[in-house]
Amino acid sequence: MSAPIAPAARAPQTPLARVASDFVANPVAVFGAALFLFILLLAVFAPLISPQNPYDLAQLDVMDSRLEPGSKAPGGGTFWLGTDDQGRDMLSAIFYGLRISLGVGAASTLFALCIGLTLGLTAAYFGGRVETLIMRIVDIQLSFPAILIALILIAVLGQGIGKVIAALVTIQWAYYARTVRSAAMVEKRREYIEAARCLALSPARIVFRHLLPNCLPPLIVVATVQVAAAIALEATLSFLGLGLPITEPSLGLLIANGYQYLLSGKYWISFFPGIALLCTIVSINLVADQLRDVLNPRLSR
Amino acid sequence: MLVFIIRRSLQSVLVLFVMSLLVFVGVYAVGNPIDILINPQADQIDRERAIAALGLDRSLPEQYGGFLLGALRGDLGRSFVHSTPALALILERMPATLELAFTAMLIAVLLGIPLGLWAGLRPNGIAGRTIMAGSILGFSLPTFWVGLMLIMVFSVMLGWLPSNGRGPTTLLFGLLPVSFLSLEGWSHLVMPATNLALFKLALLIRLTRAGAREALLQDYVKFARAKGLSNARVIGVHVLRNILIPIVTVIGLEFGSVIAFAIVTESVFAWPGMGKLLIDSINVLDRPVIVAYLLVIVFLFIVINLVVDVLYSALDPRVRLSESRG
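Chains as they are written, first to last, in this note's numbering: chain A, 1 to 301; chain B, 1001 to 1326.
Treat the hints with care, as some may be off.
What the hints assert, rightly or not - Not everything, but these chain B residues come out facing chain A in the computed CB check (under 8 Å):
| hint | residue |
| --- | --- |
| 1 | M1152 |
| 2 | V1156 |
| 3 | I1279 |
| 4 | N1305 |
These aren't lab readings, by the way, just hints derived from the structure by calculation.
Each residue gets a CB set at the ideal place from its N, CA and C atoms; glycine is no exception.
Here chain B stands alone, though its shape is the one from the complex (with noise of 0.2 Å):
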């Protein structure tokens, strides 16, 4: 296990630092972020100063070493439209688009695995039919789309929910700022974590129906209906648990998915997160936050993945690590 684990970070680091050439390398090559930043009228010197200031007269891989040597001491720079270091900027934003998918994932779970159980168990019924039917235009709906249409009934026609924001954050541990404490800021939540999670409903229904459609037709449920075990042990205790092995890896795998989806989300609701900053910062160019941003993206979805291989093999003894040696 132990191995298996500085494997695996060995293996991300490499991954960062790949992706951080990249990122770099990409992102450099879009425009001049001069042209946008400097007023257009600042002279000759004024414009200098600012490029110097900017680091921006140096050349590539000096410019790339800099940026190593920095990252390394957890600086990605600063960014060139706030004056603030990337990072920080990006830490500011971090909980409003965690506090969303989390939100989001969460319902998405509460709702999914028993829609999917229900169409499993009962697959030509009519309320299966429905779920299903249902879950095909989960996928179809273009997520961005749904945001507005949501705006519209809930923000404009009924005025029952805020169109956009986060409303006021209560503080949670006197640290994380967060909606879900008080009521306002669950009117705030609510619209865009259910727009988030519409697309993982859609994908947990089907998943977990396919499980339980598997599942019934294995020995070991004949068997313990065999027993004359009551419906509920059978299906809560010896289905679900089997179905839930693949369920919880995919709702791992699928957070990282959340977060980079959060942006569309965030756009069409003006949620302050870090995929905001992201659309934000594509369009005026402002390179360090771009690449802080893929950086701690890639980050994130590096430590998902670790957690999800570590959890998987707890939840399923049948997995070892073992092809970690190979």
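For reference, chain A alone in the conformation it holds in the complex (with noise of 0.2 Å):
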């Protein structure tokens, strides 16, 4: 616009380096990111920085069961967070479910991301029928809580991971498919879908090439969101009974375990469990807070 004072200086920025630098203005978001961070780090290492495989018969006491925060092992070390009702030491056991409910969460929103993307932008390329079906099944789904839903299909498919999993699926495939076709429906609408149009391309190469990257921003945003909700919804249904099995105890289980105990003043089976989850979600949300303002462009200034 204005003559550059200094043009040398004024390297062009690509998008990604817009939203990166809008990214870090906000500190709170730096922070949610660098926890986020952490916590993944914890639980992709676990095996190497937990003090025992909590999972491992051999290296669990019974006698040890249900210590105090602090309290020192019998080996030389010391169960800073305490034990549950089988020995095992609860910090341990919060890096290996960690491993689990971040795996879960993964899982789910890479497959339903794929299923939605791929019939979000079906819908919007092609409409008519193929459209007002589709959509039809994602309203009348979203109309129904999402812990309905998984219960049922809970209910109906049994319990196990891949189940789970598949639950989680076909929960959140919805919010996938209805992002991504009301922002297609406003890109193919622009001139360079037309102008690929004219150069005869493929509708595969106009819809994943094209008309896809100018879909992304705000399927990031509900991507962010739904690995949260995610997460936190396999925990409820773990809590109830109805998710994984004991032999993956996910964060949610390892609450259920210790709630008999609660009652009895035994707070920290349930509580250090509950902790990791909170600042799982909480930091995933700080970074889905932020990018929604970063990657809005109507919000830019």
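Join the two chains, each given in its own frame, into one complex according to the hints.
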């Protein structure tokens, strides 16, 4: 616009760089991102950093059960967060639980994203009956709360890690389909799509190489929020005893295990996994909140 | 208006029918209730008698047909476990859930709208920022864990409130058993209701704040101020009235989700409502109760959506129900 004072200093800013610089402008969001990265590292390196392998029965001793946080372990270490009813170190159990919770959240988001994306783009690009059918299913599904649909599906499918992921995917695809479709409806009227059509590119190429990249910003925001929602929902199902089996203890199951000891004042078995769950969800939501502002062109000053 | 209501009712019946088919077939696919309900030591004759008594020996279409005929007469089958009509079982538990949901919604509205207004009027003040941070926390806190922590603090550590159950109930109008008429009932009610309200509270704060911020920039607010109206009148009458429209819609629509989320809260606090009944029924594969619960919930949702739509047009004359003719 105006004549730049130092033309050499103004390197052309890529969209990614702009988003990144806008993102770090908010210290709270940076804190959220850092916290999430930290939790992710804990989950990935759980076997290396955990004081014990919580599922190796040889390392557990029932004599150590329900010890308070900070108790000395007979092996010389310290149970910083106490132990559960089987003498398991809570800190290690939380690290391993994070792996499962994050894994289930990520897997279900990924599958749901692929399905929702494809169906949403199909609906927007082709329109007509296909669109009516897909969007009607989305509308009906979104008019019921996620927890209710999850319970119905679990009641129908049964329990297990694959089935929980299937239930989460079934719930979430509708959010992506709706988001992608509304973004694509706007984008497909733009000139560049017309130009691509005039070049006689194949529909698949137009949809995936031209339409899709321009629908990504709102999709990223929804996906971030939905990862947090998926983790919370999985924890809720596991807490109700309808989610993951005892052999795959996610954070929700750890919290459920401590429920019966809570009334006798042994708070730590439920308390610390809950804090871990809370930090995970809060960190993701903080990132999502900032992404929403950064990626929304209407709000950019 | 009448055309709209009739059209929507017909649509609702169709949705109910489709849902009943989906749920019935879906639930039919789960395991075999016989293995759970019949003593494994029972001999063949006893087994067959029990299967015939439960109607499980017939084919799926036959079972569904029988179910549908019964449903039209208000009979949703008998519970395998309690041997009482499933619908009666659910209706018996319904007042407890509705009381919990209404109280939770009331807490959310009475706190959420003033807090949201406050944050919207002074978005950069300390109070406004604190309220918004609190609402992010409210969105992120897993409901069931908050419930456990409430029990830990108020029941175990402080010993102020009972940790589970509904306590003694009083009959309202000689019909409905409710807790809120006695002090002891309140002591049972307040913790689960607060727990259930948290998520909706966070939602209402955000919605009210966003609405207030938007409304304050409008010309009619500037004009009202220019006329010299008091701040209280501008906010209380002009701003609030305009932002109430989306809020009422959300309150109505969210009421259904409060009833659904009550499943979790009821499980934590052992509140004897329909949600806890559903979880217990899923655990023992009590099919008729699961199906009946889901149909009752779908019915509730349809009624709520209809009422919200009608209320919406009554509150905002700009909205006409004309699209129903299209």
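Checked hints:
Hint on M1152 (chain B) holds. Least Cβ distance to chain A is approximately 5 Å, under the 8 Å limit. Using the Cβ-Cβ criterion of 8 Å, the hint placing V1156 (chain B) at the interface with chain A is satisfied: the shortest such distance is roughly 6 Å. The criterion of a C-beta within 8 Å of any C-beta in chain A is met by I1279 (chain B), whose closest approach is roughly 6 Å, and the hint holds. With its C-beta approaching chain A no nearer than about 7 Å, N1305 (chain B) sits inside the 8 Å limit, and its interface hint holds.
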